[in-house]
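Each protein sequence line maps, in turn, to chains W and A.
Numbering-wise, the working numbering comes out as the position in the first sequence, counting from 1, plus 449.
Numbering-wise, the working numbering comes out as the position in the second sequence, counting from 1, plus 6.
Quick caveat, the hints were computed from the structure, so don't treat them as lab data.
Any given hint could be a false lead.
[Said to hold, decoys possible] According to the in silico footprint, chain W covers these stretches of chain A (three or more CB under 8 angstroms from chain W): (1) 30-41; (2) 82-90; (3) 185-195.
[Claimed, not checked] Among chain W residues calculated to face chain A with C-beta under 10 angstroms, some are: (4) S526; (5) Q530; (6) G607; (7) T701; (8) G714.
[Unchecked claim] Below, in silico cross-link-like pairs of lysine-lysine (BS3-like), each with a Cα-Cα straight-line distance of 25 angstroms or less: (9) W:K490 - A:K27; (10) W:K699 - A:K403; (11) A:K58 - A:K33; (12) A:K58 - A:K26; (13) A:K58 - A:K109; (14) A:K27 - A:K58.
We put the beta carbon where it would ideally sit given N, CA and C, even for glycine.
Residues per chain are reported as follows:
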Amino acid sequence: MISAITLDNIEHLAIGSSFLGTGGGGDPYLGSLLCREAIAKYGPVPVISVDELRDEDNIFIAAAMGAPTVMIEKLFSIEDQHRAVTTLERFLDREASAIISAEIGGCNSMMPVAYAAMRGLPIVDGDGMGRAFPALQMTSFNIEGVACAPLTIADEHGNSVLYQTTTGLKAEELARPVAAAMGASVCMSCYPMTGAQARGAVIPKTLSGAVAIGEAISLSSDPRTPLERLVAALRGHEYYKDAAVVFQGKITALDRDTSKGWVFGNCSIAAMTGSETAELQFQNENLLVSVGGRLRCVVPDLVTIVDLETAHAIPTERLAYGQRVAVVACSAPPLLTTARALEVVGPQCFGLDEQYIPLAELIEDLI
Amino acid sequence: MRIGVDVGGTNTDAVLLSGKKVLGAVKRPTSGDVSSGISEAVGALISECDVKPGEISAVMIGTTHFTNAFIQRRELVPVYALRIGFPAARGIPPFASWPEDLKTLVCGGSAMVPGGFEFDGREISPLDEAAIAEVVTEARAKGIGQIAVSCIFSQLNADHESRAAALISELAPEMEVSLSSELGRVGLLERENAAIMNASLRPLAETITAAFHRALEEQGITAPFYISQNDGTLMSADYMQRYPVMTFAAGPTNSIRGAAWLTGANEAIVVDIGGTTSDVGVLTGGFPRQSTVHVDVGGVRTNFRMPDILSIGLGGGSRIHEDGDTVSVGPDSVGYRLLSEGRVFGGDTLTASDIAVASGQISFGDPERVADLSPALLSGARAAISHLIDDAIDRMKTMPGDIPMILVGGGSVLVSETPRGVSEMMHPDHAGVANAIGAAIGQVSGEVDRIYNIADSEARSEAFADAEAQAKADAISAGAAPDSVEIVNIEAVPLQYLPGGATRVVCRAVGDLAMAE
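Use the sequences and the hints to build the structure in full.
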């Protein structure tokens, strides 16, 4: 495990979290700039493992919420994140002793690091998804009984709003219009928990996992190809370990529909030699892939399309005809595959007909 | 009659066009002072074609000078970056994403002041003019003469940027101001970077404009001259002095546009083979397909209008490698030393050009010097070249099915067979100077990129009408003949997660340059 997030490994975290974003989660680029500024100013961020948490610790989430097209104009500020968290701290009369990411996949891996740097607090080696998901209730926190509310959002002018709602779904529904009124790019905190709660509800080792994945992809001194290094790093992780390249080829068809607020669609990939094809389905994140009609991976297990040469993840919105890609699948953390979890993040929650089958069974011949 | 000039790193090409005819073309080495190379090329062209300088109605120049200066960190000046939008965006200040060496050279200070807009047009904060006055004082004290102004959502509403510019000019008339809203699109950091890059190149732009003037004056040409922009359209000399970054991708754009003009094609793959690399681009609707991802220039992220180009390491000077039975080509190249190092020119290095000569595709140099090459080596090298081209074409296609291809550039003799995935290969006359032709045929354009609130179909028509009118007005103010202006592209992208139908509309108008022909 890594002991701190520093200027040297922040880029690895960005690359690794893009992979865990499984096609969605947002571009960590702006967040990594924010982290660079924060770490340069406040120093490296110590990483604390879930095992090291004490029962009485208070863990707070830092996250950005809004429209990606607005975020690239208004960027982010740690001060606004601070207001979202302190509003929640004051309401609960508890002071944060550690910060955590709700979603390690994509841009929300970054804000918590920058914010922890500012607070001088450790960041927990773990998160609530172990990947990226499109909705606030799709977390291990929720699955394991931690309440999403009270939830706070804050803008750059000193305004903050706290929601005390019955469910996470309701909190999200009520917060969206206010977030738009605040300029559609706000900072958020939710799922406040104690160390005791966190121990059962946090997916551990995903932060160090993301850094290890990113480091493996970028380590050019290693003679293996980036793709081989990526798979080796996944196989060395506690839960991403059932991992394989399930297909390699060229994108030959792409069908994307952004009309309902999500990016729905599918993508066909043809082998460079031979006639085999792979079919991928996505809704912001990649949901399932089958090769020659045979199911190879289904959500919540992870499937990411990466560049064949660099092994860098290609987000759904940047997929294009002709790209040479590898489809890499790896197993989801155990907290996401329990019977209770599958009711929240299983294939049916995304309107799929397929039943969940563990990745280890689907790629038995490849591992 | 018009003259097109392409000032490349190695050669300066000039062509003379009358209507749809190419009257002549010449190639001369590029000179260190830029001016004498252009003067020589243009002088040779008009004497070769036997025309009088007074018969020339316009000169169009494409240049890679500013791109090269920025990438090589030459002749850049320090810039003060003023960002309007505080308290938003303060976590990532200007220059945060710049490489250290470039930042040391260009960063002359920065400030974030209150102002800016929300996505729906509301003000984030009122513009703080007193804070801007302080910035001017500070920049002046530091001896900085260039200010780059950016503002949150300024491509939606440029009011705060223009007010800041007016204030700066009033307080410090000697300072030059670059506005982000005039350079980039949605994406504050990228647009701000474009403004800073632009500001850092402005003194050089003045020098280059003077060099262009001098070169044409020497040849007795009094007609106005224009400069090629990234998107294949033209700008005036005055405009280039203010917006040098708008030339950054003019080279590849001109070659694609030139290829289109020479063949009459509107939809095709264009393969431009040079000495060291080949650029593969896509012609769609008569214009180069634009890149949709961020473009790094010299390590700085930007979002200019740039053509989507795939560069591969294949050119006339590419070295041939033999490893047992396998033959590979490039990516290393002898480059401009081809004329001394290539085998047919008396050198010892086996290059792609030698293969073309030995295979009888072209005759230059001394064919005897490659007569001993084995048929296996020749066919292996030709197969390797074909494979590189086939592969690049395949990567650039966006749809299955065969597509026409246009072959241009000095190294185009390397390709003898129609590549895979190509329905028809065109290799027009004057393909070697497609770049200069692309410059000569430049049109002028206007573009709008802003967010509208589109709640229903009526609002949609109104938004589109507004965007079209704005784009046309921009094109006309850039020099287009009003009756020639047409809308070439309009797209609407609904913004995710936002209620109220917030939609980003991008609209582009293009017209012929208004001039006496």
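Hint check:
For the segment 30-41 of chain A, the proposed coverage by chain W is not satisfied: 0 residues have a C-beta within less than 8 angstroms of a C-beta in that chain, short of the threshold of three. Counting residues of the segment 82-90 of chain A whose beta-carbon sits less than 8 angstroms from any beta-carbon of chain W gives 0, not enough to reach three: the coverage restraint is violated. Under the rule that three or more residues need a Cβ within less than 8 angstroms of chain W, the assignment of the segment 185-195 of chain A holds, with 4 such residues. Interface hint status for S526 of chain W: upheld, as the beta-carbon distance to the closest one in chain A is roughly 4 angstroms, under 10 angstroms.
The interface hint given for Q530 of chain W is met, as the beta carbon of that residue sits about 9 angstroms from the closest beta carbon of chain A, less than 10 angstroms. For G607 of chain W, the shortest C-beta to C-beta distance to chain A is roughly 8 angstroms, which falls under 10 angstroms, so the interface hint holds. At about 6 angstroms, the closest approach between the beta carbon of T701 of chain W and any beta carbon in chain A falls short of 10 angstroms, and the interface hint on this residue holds. This hint is violated: G714 of chain W has a C-beta 14 angstroms from the nearest C-beta of chain A, more than the 10 angstroms allowed.
The suggested pairing of K490 of chain W with K27 of chain A is violated, with an alpha-carbon distance near 63 angstroms, which exceeds 25 angstroms. Under the criterion of a C-alpha separation no larger than 25 angstroms, the hint pairing K699 of chain W with K403 of chain A is consistent with the structure, at around 12 angstroms. At roughly 20 angstroms between alpha-carbon atoms, K58 of chain A and K33 of chain A fall within 25 angstroms of each other, so this suggested pair holds. At roughly 20 angstroms between alpha-carbon atoms, K58 of chain A and K26 of chain A fall within 25 angstroms of each other, so this suggested pair holds.
Taking the CA atoms of K58 of chain A and K109 of chain A, the gap is about 48 angstroms. The hint is violated against a cut of 25 angstroms. For the given pair, K27 of chain A sits about 18 angstroms from K58 of chain A by alpha-carbon distance, which is consistent with the 25 angstroms threshold.
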